[in-house]
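Chains H and F supply the protein sequences, listed in that same order.
Per this note's numbering: the first sequence = residues 1 to 384.
Per this note's numbering: the second sequence = residues 385 to 646.
Just so you know, the hints here were simulated from the structure itself, not pulled from any lab data.
All values reported here derive from a predicted model rather than from experimental measurement.
Accuracy of the hints is not assured; some may be wrong.
[As the list claims (entries may be wrong)] Using 30 Å as the maximum straight-line C-alpha spacing, the simulated DSS-like pairs for lysine-lysine come out as follows:
1. H:K119 <-> H:K6
2. F:K524 <-> F:K535
3. F:K576 <-> F:K606
4. F:K558 <-> H:K358
5. F:K451 <-> F:K576
6. F:K451 <-> F:K558
7. H:K359 <-> F:K535
8. H:K119 <-> H:K48
9. H:K220 <-> F:K535
10. H:K188 <-> H:K48
11. F:K409 <-> H:K6
12. F:K451 <-> F:K524
13. F:K446 <-> F:K524
14. H:K358 <-> F:K576
15. F:K631 <-> F:K606
16. H:K359 <-> H:K119
17. F:K456 <-> F:K576
18. F:K531 <-> H:K220
19. F:K524 <-> F:K606
20. F:K409 <-> F:K456
21. F:K446 <-> F:K576
22. F:K631 <-> H:K6
23. F:K409 <-> F:K606
24. F:K531 <-> H:K359
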Amino acid sequence: MLRESKIELIAVMALAVIFIVVMPCLNVYTAAGSWMHVSDFTINLYGKYLCYAMLAISVDLLWGYTGLLSLGQALFFALGGYMMGMYLMRMIGNLGQYQEPIPDFLVFLGWSNLPYIWKPFSSFAFAIIMAVLLPGTLAGIFGFLAFRSRIRGVYFSILTQALTYAACLLFFRNSLLMGGNNGFTDFKFILGHNLAESSTQRGLFVCTGVALLLVYLLCKWLTTTKFGKIQRAIRDSENRVLFSGYSTANFKLFVFVLAAVIASLGGVLYVPQVGIINPSEMEPARSLEAVVWVAVGGRGTVVGPIIGAFIVNALKSWATRAYPDLWLLFLGGTFIFVTLFMPRGIVGLPAQLSAFRKKHFLPKSGHAETLSPPSPKETLAKPE
Amino acid sequence: MTAAPIKPEFILMLEEVNKTFEGFKAISNLTFYMDVGELRVVIGPNGAGKSTMLDLITGRTKPDSGKIEFGKDTDLTKLNEPAINRLGIGRKFQTPSVYVDHTIFENIWLSLGDSSHSVWGTLFSRVTPQRRDRIYEILKIIALDGKAETKAGALSHGQKQWLEIGMLLAQNPKLLLVDEPAAGMTDEETHKTGDLLLSLEGKHSIVVIEHDMTFVRQIARKVTVLHQGTVLCEGSVDQVQNDERVKEVYLGRKKKEKLSHE
């Protein structure tokens, strides 16, 4: 156990150095033709995966650690993205198609002045604060109501999915002033840096790497605390926790809000790297995909979701080009395969293989602990 | 001025309690008193309302009417499970409920009554030397001190039952509610469980729900028989076993059914 976590920590630190230091350096200092060169495209692609990894961790904090399968994490991811998107839209200034000082879609909708909800988003700090507050508050209110009513299991999953779908439909409406089905795009600047330049994208990539590392360390620390142990105890036997004097609703609420903020942070970093945010990010399929990443990587571990997000998305990048029609079938098939044959995901594979080897290829040890079967006892005859 | 009648030292008091589930009367006019330090065994056929009674005491369900009080005038009907638990009422479930993914040490640690139970408190709570000593003390009582670092999921059924009893002891409850502790145990394990419960008598007040009459004989001082959600009779094991009504409830129902069919 201790050895495993040490190996994990070393591996994560090595990967962190590769992503945060080595890859950006190779991008800058090697020639474009060299085999060592990391292209702008690669930086951008991996930056996207790093954001997805944060979304995956948020799913796992709830599903793998607390036993709450939330199908609403894409909503929080998208909300974070929208908050960042609003700031980026303001930074376009009057460089849009209509050359007006307000975003193009507002001009198109007939606005000549900036609506009041848009005004504070000229400030980067405000956008970031809102990216924490809005998903956090929404998760807080929804979680408070759901956990107080003891909604769990599949009902919780359905409700979170319904919430996400409702938000998706809401964001499709032009009257929300969030760009309708086109969302936000054509971003130009972030904090004065041109988004089209590779140095800006490289900076965002490094920021995302650092953010993911911090989220990883936070979650890792959380699992070692008594809080983290109660989280898993709730997953395994909620009644026992309840009858040990803990208000499990408060614990679940805390995790739900924390997971929402982590997902939102992923969305904040995602939008400037991808260059677009629209309501399709909230479609139910997005949340389901994140669940598959976690299942593939290994739920109930912090490193599993990161691995899952990378591998499944790398597969997706390849498969959507090679076999665009078959991707969803492939995704579903992967989920079924992992659920049936790799319940602990890729992270659990070494342990699974060694158990398999012990069972089939090593001589059986003679003194396995056996329990004698209970013998019949004198009981009051129960009426049948 | 007349002196108020002296109230006896009850740890638990249920008076005229009623509970109906969708038309089914699970508990009807149940009145039940228990003294401080008493070990009481509750028996009764399936569906007599034994587990529902525990649900009512622990706040899992609320009564339709009636009084449920703990100690001196603490009304339990207004409180939820964690609050009732923190008053000092511990409950063991019929099927062993332990944290299978945690070590046995951690199982007891999470159950300790004196440590923090709030979200913020648990983020920074640590195992102090005193807590460690207390945990090992409990592990010794339930004979699992050699397995502190084993995962609870790897224990046998009987050991899981003991671990759960240990988790209750860690809460240091005034009142222990134990639902069928010997279910699925071997004779030897059952006997050990009986000894364990007897050793706790006096230090805690204990309610044990049980079917196994050998086990009941081993531990019982006073037995309460529940039938159709109400107390049928109360007394020593011999008194209860020789009671005509009890015999009828347990053995006679088949005969009656036969007669009514004819």
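Hint by hint, here is what the structure shows:
1. H:K119 <-> H:K6: Violated: H:K119 and H:K6 sit about 48 Å apart, past 30 Å.
2. F:K524 <-> F:K535: holds (17 Å)
3. F:K576 <-> F:K606: holds (20 Å)
4. F:K558 <-> H:K358: Not OK: F:K558 and H:K358 at ~47 Å, beyond 30 Å, violated.
5. F:K451 <-> F:K576: violated (36 Å)
6. F:K451 <-> F:K558: holds (20 Å)
7. H:K359 <-> F:K535: The hint holds at about 20 Å.
8. H:K119 <-> H:K48: holds (29 Å)
9. H:K220 <-> F:K535: holds (20 Å)
10. H:K188 <-> H:K48: holds (18 Å)
11. F:K409 <-> H:K6: violated (57 Å)
12. F:K451 <-> F:K524: violated (38 Å)
13. F:K446 <-> F:K524: violated (37 Å)
14. H:K358 <-> F:K576: Violated. H:K358 to F:K576 sits at ~35 Å, over the 30 Å cutoff.
15. F:K631 <-> F:K606: Given that 30 Å is the threshold and the Cα spacing comes to 17 Å, the pair holds.
16. H:K359 <-> H:K119: violated (65 Å)
17. F:K456 <-> F:K576: violated (33 Å)
18. F:K531 <-> H:K220: holds (26 Å)
19. F:K524 <-> F:K606: holds (28 Å)
20. F:K409 <-> F:K456: holds (29 Å)
21. F:K446 <-> F:K576: This hinted pair is violated, its Cα atoms lying about 35 Å apart.
22. F:K631 <-> H:K6: violated (64 Å)
23. F:K409 <-> F:K606: holds (26 Å)
24. F:K531 <-> H:K359: holds (24 Å)
When the structure is compared with the earlier hints, violations turn up for hints 1, 4, 5, 11, 12, 13, 14, 16, 17, 21, 22 and for no others.
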